[in-house]
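Participant: From first to last, the protein sequence lines are chains R and V.
Using the working numbering, read the first sequence as starting at 1 and increasing by one per residue.
Using the working numbering, read the second sequence as starting at 1001 and increasing by one per residue.
Derived from the structure by calculation, the hints contain no laboratory data.
Treat each hint with caution, since some may be false.
To be verified - Ranges between beta-carbon positions, derived for each pair: (1) Ala110(R) / Gln1615(V): 21 to 31 Å; (2) Asn73(R) / Glu1715(V): 48 to 58 Å; (3) Tyr1457(V) / Ala115(R): 26 to 36 Å; (4) Gly1129(V) / Ala110(R): 26 to 36 Å; (5) Gly1192(V) / Trp81(R): 48 to 58 Å; (6) His1090(V) / Ser64(R): 45 to 55 Å.
Unchecked claim - Here are the simulated PhoX-like pairs of lysine-lysine, each with C-alpha atoms no more than 25 Å apart in a straight line: (7) Lys1716(V) / Lys1678(V); (8) Lys117(R) / Lys1441(V); (9) Lys21(R) / Lys1441(V); (10) Lys1446(V) / Lys1650(V); (11) Lys20(R) / Lys1441(V).
Beta carbons: idealized from backbone N, C-alpha and C, even for Gly.
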Amino acid sequence: MHAYKELSFVRLAGTRIVSKKDVIDRTMVNVVPLGNESICLRFAPDECFVMPVLTAAQTDAILSDDPHAILLNEGAFSGAWVDETHALDLLARLAEWEMPSDRPAFVQGAVAGIATKLWFDDALVLFVVQTPYAHELADRLR
Amino acid sequence: MRIIVDGTPVPITENDSVLSAMLKADQHPTGGGTLCCGGDCPHCLATVDGIAYVRTCQVTPKPGMVVERQHLCGEYPPLPVDDRLRAETHAQNLFCDVVVIGQGESGSAAKAEAEAAGKSVITVDANKGEEAVGIYAGPLVVARTDSGMLHIHAKEEVIVATGAAELQPVAPGSYLAGLMTTRAAESLAAAGLDLGKVVAIGTPPNGIDHEIVAGDIVRFEGNSVGNVNAVIMRDSTGNETTHDCDTVVMGLGLHPRNALHKMGADLPVRAVGEATIDATVPACPTEPDSMICACSGIKLSDLDYTWESGFREMELIKRSTLAGTGTCQGMGCIPYMRSFIQARGGELQDRFTARPVNRQLTLGEISAGSHHHPTAKTALDQVHRDLGAQMERSGGWWRPWNYGNLQAEYWAVREAVSIMDVSTLGKMTVTGPDALAFLEKLYPTKVSTIKEGRTRYVLLLNERGFVMDDGLIGKEADDRYILTLTSGGTSHSEMWIRDWADGFDMDVRLINQTYTQGAINVTGPLANELLKRAGMAEPLNFMRFADMDIAGVPCRVFRLSFTGELSYELHHPVERSVDLWQALMDLGHDLGIKPHGLEALTALRLEKGHVIVGQDTDFDSTPRRIHHEWMCKLDKDYFLGRASVLRTNKIPLDKMLVGFEIAEGAPNEGAIIWHKDKNGSNEFAGHVTSSAWSWALGRGVALGWLDYFDGELPEKVTINGMEARRVAVPFYDKEASRARV
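Here chain R stands alone, though its shape is the one from the complex (with noise of 0.2 Å):
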């Protein structure tokens, strides 16, 4: 039977960002591209959220972009890193739904009844849970 040490969540420094569809398609290409150790969560099409919190100048690009863009430096959100064939097994176990193939890949849905967001990587897999979650995850996820 499946047994794992309990998996440690700890905080995720990001910025949430709220605007327009296409201020956030634009955002995710010329402001914060994948790759240069920053990752971009598209939660919704109004919202994403970018690890490490952004810089003053990438903060100015959006704001002169939509001048009405929400972007709150955040710490609503925590996330603990998983080896992917770790992660997969126990995905197979707490989450109804089919995970992708393609990588990387973010999906998002109900992992062990939480709402839980995966980032697939080359090898890893950051699962991401808001923070007054985390331990109900983590208590879950072994």
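Since chain R is already given, all that's left is putting chain V on it; use the hints.
Facilitator: Using the frame of chain R, we list chain V on its own:
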């Protein structure tokens, strides 16, 4: 190698099932009945390793396995009496194009055909210990295995190739041991069971010496220990003959195992092979005592009674008698129920509905893959626990109920200063060119009259004009507003607000900051002194807000009050919650600061008559019914629910949320409110929604829904046997001089 049957070791061989091993040891699992060895009958049930209702014909024995014969003579096994924690049963999720259930001839062909068409295929084969127990929307096939449950998600279709079951005999003596179907006889003989002298009826068994007899079964006869020793047959002329035997083998016909197919009637599920055959319809039994449904103990006479009572359809007869609802889910009795209805009414009806699950499962197997709703923790959760707080679930969060001294917490608020973790409050920001126009449509207040840096208490109504949430609107700028929502209502309200932003086609940006922003309420007459020490230069005016550092933590400070005392809410980055809390506690030490929990807050806010949406309100609470009609600006052209409010305002009130004072104590929340009618009899008059003892007032105070009687609200009522007096709220500090100081 041996298994343990009722405490006695029983040898097992490589070819054995648990059933065959038991029969070789002359230990019939249930004492008798026609065995099928196909998982279709209820006659081989036993409790195996603590799990009841196990079909022993389907289980490969393992050395040391403990078998208990608890189903003897149709008895139900006792309920478990031990409280041992069993290992959690896991669910494994699998994904494919096609699921094929059954791997006999037709199932194997279906698999090969799908794979040839380039489909990914997963098979479920009971012969390999994978037992499909249900098909759900998706389609999703749920199967049990010894190592856990399989949840198999088919993208295209499910193919049911479960074959057909053999008819069971219905005749006097069918409970005897030594009766079996043709397939069962072949299987058990192959496992090495000595069948003795065999009489075969109908399709004969292969590879077994037997005497074939013809005609209709009249009855089975047995010896003193319950083993069959003869079968009585009647030929077409009416002559009866007796055939001595040790075993009766019966091939009486087939009927499809189509329960899984029927479960998927509205889904992409199809049956192939024997699962699609026309069922053999046996002759309707004639003896009133004939056992139709061995699982539920339903005889022919029971069916006749039901028939005469007017129940004449398969579904109704099933519900009326419970035939078909037992262990085998109708695999034994459905053919005879059909023949019964045909004999009585002339119509051959289809089998009754099949629903998941069609096998007995443990609670662990049923719940595999399910999870209870998670409860959130604020950033201060550990701080509360370290302070000895009794934590309770409230509004989806773990919250301190009290810190061990309710009265001290209460009086700290009324006489000194106290803090409370209110991080659970919903917090949203709305920006964009249409921010004001959007909020004007959403809320019944005139948002345009809220000035920058100010807040207003508001209700959120649904289209029917009923209260669905409350909170504050604060204006940051012409195109930027902040909203607060109730702790328990935030998720629903956020979806509501987002839906209407789309519905109204508004150019706005919305963000939920509930998990981003922590919040601490600072309340009590010494709140200004505490916050002055923490860095607040000047006290804010009531219902104003401003950004400032408090104890070095960047805060948005709101002046408001829910407790009835001078109060501030400090909204701050959640990662600084612990710093801020600890600083306030340190700075307020000589001011008598204490944290307070929900229990104290219940009394404090109730003394002020403040309503908690969801506790004091119901699904049909209009602003007028809760005395909040003043919050609806009906001279606005539009707000959500306006038309309904206008309409319901014309209807005479039938009930109101009102305040009660009770000298003797605080009634129970939920208690019935009684009103004496003209004859002195108690009439139901409503119920209590909130209740607490008011230390400040020295009496119980409560809110509750009270019915009108002859156009009037009663002045005096009885609650929990105590006299209660209806009074206007607030109960405490009616001039609001303490909060607005």
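Participant: Now tell me, hint by hint, if it's right for this structure.
Facilitator: Hint-by-hint comparison with the structure:
1. Ala110(R) / Gln1615(V): 21 to 31 Å: 28 Å Cβ-Cβ, so the 21 to 31 Å window holds.
2. Asn73(R) / Glu1715(V): 48 to 58 Å: 57 Å, holds
3. Tyr1457(V) / Ala115(R): 26 to 36 Å: Because 30 Å falls inside the window, the suggested range holds.
4. Gly1129(V) / Ala110(R): 26 to 36 Å: With a Cβ separation near 29 Å, Gly1129(V) and Ala110(R) satisfy 26 to 36 Å, so the hint holds.
5. Gly1192(V) / Trp81(R): 48 to 58 Å: 56 Å, holds
6. His1090(V) / Ser64(R): 45 to 55 Å: 51 Å Cβ-Cβ, so the 45 to 55 Å window holds.
7. Lys1716(V) / Lys1678(V): Satisfied, since the Cα-Cα distance of roughly 13 Å is no more than 25 Å.
8. Lys117(R) / Lys1441(V): 33 Å, violated
9. Lys21(R) / Lys1441(V): 23 Å, holds
10. Lys1446(V) / Lys1650(V): OK: Lys1446(V) and Lys1650(V) at ~22 Å, within 25 Å.
11. Lys20(R) / Lys1441(V): Holds: Lys20(R) and Lys1441(V) sit about 21 Å apart, inside 25 Å.
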